[in-house]
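Just so you know, the protein sequences line up as chains Z and R, in that order. For the first sequence, position 70 matches number 70 in this note's numbering, and the numbering has no gaps at all. For the second sequence, position 7 matches number 1007 in this note's numbering, and the numbering has no gaps at all.
Certain hints may be false.
[As the list claims (entries may be wrong)] Listed next, the in silico DSSO-like pairs over lysine-lysine satisfying Cα-Cα at most 30 Å (straight line):
| id | chain 1 | residue 1 | chain 2 | residue 2 |
| --- | --- | --- | --- | --- |
| 1 | Z | Lys22 | R | Lys1057 |
| 2 | Z | Lys109 | R | Lys1057 |
| 3 | Z | Lys69 | R | Lys1057 |
| 4 | Z | Lys109 | Z | Lys22 |
Please keep in mind that the hints were generated in silico from the structure rather than gathered at the bench. This structure is a prediction, so every number in the text was calculated from the model and none was measured.
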Amino acid sequence: AQSVAQPEDQVNVAEGNPLTVKCTYSVSGNPYLFWYVQYPNRGLQFLLKYITGDNLVKGSYGFEAEFNKSQTSFHLKKPSALVSDSALYFCAVMGPRDFNKFYFGSGTKLNVKP
Amino acid sequence: AAGVIQSPRHLIKEKRETATLKCYPIPRHDTVYWYQQGPGQDPQFLISFYEKMQSDKGSIPDRFSAQQFSDYHSELNMSSLELGDSALYFCASSLQTPGNTIYFGEGSWLTVV
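Using the sequences and the hints given, assemble the complete structure.
As structure tokens, then:
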């Protein structure tokens, strides 16, 4: 069975500082990993995904994520946080033979303070 | 670019009533998903359709049903509504290719009173 874990309910960062939102996964086989962002009362917006290839994936709004197979992690990063990055971030996994559904993590609330 | 369209965006129903949510996927997407997100919770997979046939089923209550029509739009029917059904319901669509991005609509807020 596929699953993802986001160990932090909340991450607090000062504007201009680097940010990391953590995600670990459990999948049989090679996973497809995704990050989505959700602003209050809005839908989920796709940020980036890892399918294969380079372990460092670049996505929207300056975000990037690093796939680490040995640590089964897919942490979301940004070199310099903006106040407007404050939102709820979800990691999601799709199994290699189970692409009819996503498994979401519990979400991490990112607070970027001026 | 066209996105996933959901309607209505908000609805209020009383207990034991019925509600229907509609979803119009991105053109040419062949797979539709429904998710339920309770307050402060992560989205929970309900059901998915591929080419108008149910392809997978998650934690969808027996009181709920869904279908995908010939024009690929989908409807989620919820009957005998309970207070606990109050949630944000998302529809999403994609092409059924491994690793393809799933795109979400803005959601339909259901409040059961």
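Hint by hint, here is what the structure shows:
{"no.": "1", "hint": "Lys22(Z) <-> Lys1057(R)", "result": "28 Å, holds"}
{"no.": "2", "hint": "Lys109(Z) <-> Lys1057(R)", "result": "28 Å, holds"}
{"no.": "3", "hint": "Lys69(Z) <-> Lys1057(R)", "result": "29 Å, holds"}
{"no.": "4", "hint": "Lys109(Z) <-> Lys22(Z)", "result": "11 Å, holds"}
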